[in-house]
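Working from the sequences, and respecting the hints, build out all of it.
Protein sequence lines, in the order shown, are assigned to chains W and F.
Its first residue numbered 0, the first sequence is counted upward by one per residue in numbering that gives the first Met the number 0.
Its first residue numbered 0, the second sequence is counted upward by one per residue in numbering that gives the first Met the number 0.
In short, the hints are calculated from the structure, not lab data.
Computed from a prediction, not measured in an experiment: that's the story for all the values here.
Note that CB positions come from ideal geometry on N, CA and C, so glycine has one too.
Possibly wrong hints are sitting among the right ones.
Just so you have them, the derived chain F footprint on chain W, three or more residues with Cβ under 8 Å [what the hints assert, rightly or not]:
#1 105-118
#2 127-136
#3 227-241
#4 260-270
#5 275-283
Derived Cβ-Cβ restraints for the label pairs, each shown as a range [unchecked claim]:
#6 W:Q283 <-> F:G47: 53 to 59 Å
#7 F:G283 <-> W:A220: 28 to 34 Å
#8 F:S99 <-> W:D173: 53 to 59 Å
#9 W:E294 <-> F:G18: 30 to 36 Å
Just a few of them, taken from the derived set where beta-carbon distance is under 7 Å, the chain F residues facing chain W [said to hold, decoys possible]:
#10 L277
#11 M321
#12 L324
#13 L325
#14 F326
Each chain is listed here by its residues.
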Amino acid sequence: MASDFFQGWLAGGILASTPIFYAALGETVVEKAGLINLGVEGTMLVGASVGFAVSSTTGSVAVGLCAAALLGGVFNLLLGPLVVGRGANQLASGLALMFLGQGLSAYYGKAFVGTTVDGLGPLALPVLSRVPWLGPILFRQDLLVYLTVPSAIFVWYLLGRTSWGLHLRAVGEDRMVAYAAGSNTGLLRYQALALGGVLAGIGGAHLSLAIAHTWTEGITAGRGFIAVALVIFAAWSPLRVLLGALIFGGTLALQIQLQARGAEVSPFLLDMLPYLVTLAVLVQLRKASRGRMPEGLKEVFESSA
Amino acid sequence: MLALRNRSALALDAGLLAGALLLFSLLLLTSGKNPLDTYGSLLRSTLGSAYGLSEVVVKLIPLLFTALAVALPARLGLVNVGGEGQLHLGALFAASAALSLGPGTPGWLGLPAGALAGMLGGAAWAFAPALLRSLGWLNETISTLLLNYVALRVVDFFVYGALRDPGSANVPQTKAFGPGFLWPAFTGRVHVGIALGLLALALAAVLLFLTRWGYEIRAIGGNPVAAHRHGLPLAATTIAVLCAGGALAGLAGTGEIMAIQGRLRPHFSADFGYLGFLISWLAGHRPLRILVMGFLVAVIATGGDSLQLDQGLPSATVNILMALLLFVVLAREGKRGV
Numbered sequence: 000m001a002s003d004f005f006q007g008w009l010a011g012g013i014l015a016s017t018p019i020f021y022a023a024l025g026e027t028v029v030e031k032a033g034l035i036n037l038g039v040e041g042t043m044l045v046g047a048s049v050g051f052a053v054s055s056t057t058g059s060v061a062v063g064l065c066a067a068a069l070l071g072g073v074f075n076l077l078l079g080p081l082v083v084g085r086g087a088n089q090l091a092s093g094l095a096l097m098f099l100g101q102g103l104s105a106y107y108g109k110a111f112v113g114t115t116v117d118g119l120g121p122l123a124l125p126v127l128s129r130v131p132w133l134g135p136i137l138f139r140q141d142l143l144v145y146l147t148v149p150s151a152i153f154v155w156y157l158l159g160r161t162s163w164g165l166h167l168r169a170v171g172e173d174r175m176v177a178y179a180a181g182s183n184t185g186l187l188r189y190q191a192l193a194l195g196g197v198l199a200g201i202g203g204a205h206l207s208l209a210i211a212h213t214w215t216e217g218i219t220a221g222r223g224f225i226a227v228a229l230v231i232f233a234a235w236s237p238l239r240v241l242l243g244a245l246i247f248g249g250t251l252a253l254q255i256q257l258q259a260r261g262a263e264v265s266p267f268l269l270d271m272l273p274y275l276v277t278l279a280v281l282v283q284l285r286k287a288s289r290g291r292m293p294e295g296l297k298e299v300f301e302s303s304a
Numbered sequence: 000m001l002a003l004r005n006r007s008a009l010a011l012d013a014g015l016l017a018g019a020l021l022l023f024s025l026l027l028l029t030s031g032k033n034p035l036d037t038y039g040s041l042l043r044s045t046l047g048s049a050y051g052l053s054e055v056v057v058k059l060i061p062l063l064f065t066a067l068a069v070a071l072p073a074r075l076g077l078v079n080v081g082g083e084g085q086l087h088l089g090a091l092f093a094a095s096a097a098l099s100l101g102p103g104t105p106g107w108l109g110l111p112a113g114a115l116a117g118m119l120g121g122a123a124w125a126f127a128p129a130l131l132r133s134l135g136w137l138n139e140t141i142s143t144l145l146l147n148y149v150a151l152r153v154v155d156f157f158v159y160g161a162l163r164d165p166g167s168a169n170v171p172q173t174k175a176f177g178p179g180f181l182w183p184a185f186t187g188r189v190h191v192g193i194a195l196g197l198l199a200l201a202l203a204a205v206l207l208f209l210t211r212w213g214y215e216i217r218a219i220g221g222n223p224v225a226a227h228r229h230g231l232p233l234a235a236t237t238i239a240v241l242c243a244g245g246a247l248a249g250l251a252g253t254g255e256i257m258a259i260q261g262r263l264r265p266h267f268s269a270d271f272g273y274l275g276f277l278i279s280w281l282a283g284h285r286p287l288r289i290l291v292m293g294f295l296v297a298v299i300a301t302g303g304d305s306l307q308l309d310q311g312l313p314s315a316t317v318n319i320l321m322a323l324l325l326f327v328v329l330a331r332e333g334k335r336g337v
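Here it is, written out as C-alpha cells:
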C-alpha cells in the first residue's frame, strides 16, 4: 500500500513537473542573455492552445507539438522589439505579453473547449518498464518526459560549452563589453528569446496534450510564473532546473495522490504547497543564487524607480 | 525644429495606435467577426451611455488602489507584483470583520472596521516579502508574485470552510454582510470608493512630492547606497512602504466585496492586481497619470465584459487589444525609464 502510494506519487510528480521544466529551461536561456520574460505564462498558454488545436485538427500529435514550439518561439519574439529594440521596461512588457497570450489562447481556443484528444500517451520502454517498482515510474512515461534529461544536457552544453553560449552569456553579463568584443548583442538576445519561446511552447503543449488531454481557458494556472521562480531557484543552471521542476511537480502530485486516497487534508492547503515550497527553497538558497545572477538582470530589478 | 520633432513624434504615436487597432481588427476578421461591430459594441457599452460610463468608473475604483499599491513601492525601487494577493487578503480580513461583528453593526462602526481590517489584511500579506527583501534574503518581485497564488487558496480555504454560509447549499460564499458594512453608492453601482480612490491619489502625490518622508523615499529609490550612507532608514522604509502598498490593495478588495458583491465569493477579482501593475508602469508611477491610464484600462476591461454578452467572444479577448495598446505605450516610452 505504502509502496503503491510512493510509486503513484513519483510517477505523477515526474509527469507534472515536465511542463514547468521546459518553460523554466527556456527562461534560463532568456535570462542568461540578461533578459527576463515575466510573460512565460502567456507563451505556455499559446503553446498549450496551439498544440491542442493543431493536434485535434490534423490528428497528428507530432504536427501539433511542432506548431506549439514554432508559435511559442514566434510569440516570445514579440518581446524583442520592445525590450531589445526600445529598451522598454522588461517586467511590464512581460506582463503585457502574458495578457496577450491569455487573450489569444482564449479567443482561438474557444472552439476547442470541451473537446478531447488522445494526445501524447505513455510509451512503455521495452525491458526497462518491467524493472520492478522503478520501471513504471521512470519508463512508462511519454516522449516529452524522456526528453527532459537530454534537453537539460543539451541546453547546458549549448550555454556552457559552445561559442554561441559564451557570447550569449557575455551579453547577459555586460552588454557593452560583449558589443565591444564584436558580438551582435541584439541578434543574440533575439535568438535567446526564440529558443526560450520554443521550449515554453513545448511545455504548454505537454500540459494540454499529455496531462489534461483537453483545452480550458487559463489551463496553465500560474505555472509560467513558477517557471520564472524556478530559474532563480536553479541559480541559472539548466541541470538544476531539472531538480527544481521535480520538487514542484512532486508537491503537485502529492496533492493529487492524497486526494485520490481520500486523505483528510484540505485540497486548498495542499494546493498552496508548491508555491510555499518554492519560496522556502528560494530563501534557503539565497546566497548561492544571488552570486550567480547574470549582471545584466540586476539592472532590471534595480531600475524600477 | 522642436515643433517639427513633436509633430513627427505625434504622427508616430498615432500610427502605432492605428497599427494596434488594425492588428486587432485583422484578428477578428480571421474568425469571421466584423471588427467595426466589435469596436462599436466596445464603445457603446463603455463611453456611449451614462450606464456604460458608470460601469467604467466602477471598474476604475479597484484599479486606482492596486495601481497605487505598485506605484508607492516602485518609487522606492521595489517591484510589487503582489497586488492580486494583497487584494484577496484584504477582502478576506474585511469579510471576517463583518461576519464576526455581526449583521446588526451600525455604519459608524462597520464602515471603518471593514476598511481597517481590509487594509490590515493587505499589509499583512505584503509584510513577509517586505521583511525578506529588507533582510536581503529574497527579491520581492518573485515573492509577491508567488504569494498571489497562495492568497487565492487562502481565500478558497475559508470561503469553502469556516466562513461558508451553511444556508447556501451549492454556492461557496459567505453570508451576506450586514448593512452597516456596505459602502454607500453615489448613483447606480458607482460607490464611495471613487472618492476614496481620488483622495488616495491626491494623498500619494502630496506624500511623495511635498513631505520629508516622500523625499526620503525618492532619494532611496534614486540611489539606495548613497541614501543609506546619509543615514536614511533603508530597512524600515522598505517594510513601511511595501506594507502601505499592500494596505491600498487590501482596500481595493474591501471595496469590491463591500460595495459590489455584498459577500465574499471565490475569484471575485478580475485580475485587478495585475492590471494595476500595468497601469502604474504605464503611468511612470505618477499619481495623475495613473488616473488617465487607469481610465483607459478600465474602458477596455469593461468593454471586454460586453463583448462576451453581445458578440459571444470570451471576455479575455479584450486582453489582446489591451496588450497591443500596452505594447505601443511601452515602446513609445522606451528608454525614458518607465
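Any of the earlier hints contradicted here, and which numbers? 2, 12
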